[in-house]
Amino acid sequence: MFSSPEGIGMSIGEEIGGGGGMAVDYSTARGRDWPSVRQFNVFMENRLGKLSELVSRFETTDIRIISLTVVDSADCAIIRLVLSEPERALEIFRLANLPVTESDLLVVPLPEG
Numbered sequence: 001m002f003s004s005p006e007g008i009g010m011s012i013g014e015e016i017g018g019g020g021g022m023a024v025d026y027s028t029a030r031g032r033d034w035p036s037v038r039q040f041n042v043f044m045e046n047r048l049g050k051l052s053e054l055v056s057r058f059e060t061t062d063i064r065i066i067s068l069t070v071v072d073s074a075d076c077a078i079i080r081l082v083l084s085e086p087e088r089a090l091e092i093f094r095l096a097n098l099p100v101t102e103s104d105l106l107v108v109p110l111p112e113g
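Sequential numbering from 1 applies to the sequence shown in our numbering.
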């Protein structure tokens, strides 16, 4: 869970960099005033085919994997996912009886170039 440092929150439509910048909408699904996304942390055995099994659960849905990171050790792995439909994805994890936790990631818009 992140806390909002002083001065980091910007109102909706406030411009980055003062003048002539792009307007940024910082509204989030959880009502925060800073940009964040939900990340799922799935705990799995570090065995052949387990990652493929996890990813294939989303093949027949319109849920898209935005990002995927694997942190592995000899026995287990933590698969970190950001998905396009977090509420529906959470239901898929629950139906599959996969041990999962959630965390919020702070989103930082970068200028082009």
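Any given hint could be a false lead.
DEER-style ranges, computed between Cβ atoms [unchecked claim]: (1) D72 / R94: 40 to 50 Å; (2) G113 / S73: 18 to 28 Å; (3) I66 / R94: 18 to 28 Å; (4) S73 / D104: 23 to 33 Å; (5) N41 / T61: 14 to 24 Å.
FYI, nobody ran anything at the bench for these hints, they're computed from the structure.
Here the structure is a predicted model, which means the values were calculated and not measured.
Backbone N, C-alpha and C define an ideal beta-carbon position, used for all residues, glycine too.
Evaluated hints:
no. : hint                   : result
1   : D72 / R94: 40 to 50 Å  : violated (24 Å)
2   : G113 / S73: 18 to 28 Å : violated (39 Å)
3   : I66 / R94: 18 to 28 Å  : holds (20 Å)
4   : S73 / D104: 23 to 33 Å : holds (25 Å)
5   : N41 / T61: 14 to 24 Å  : holds (20 Å)
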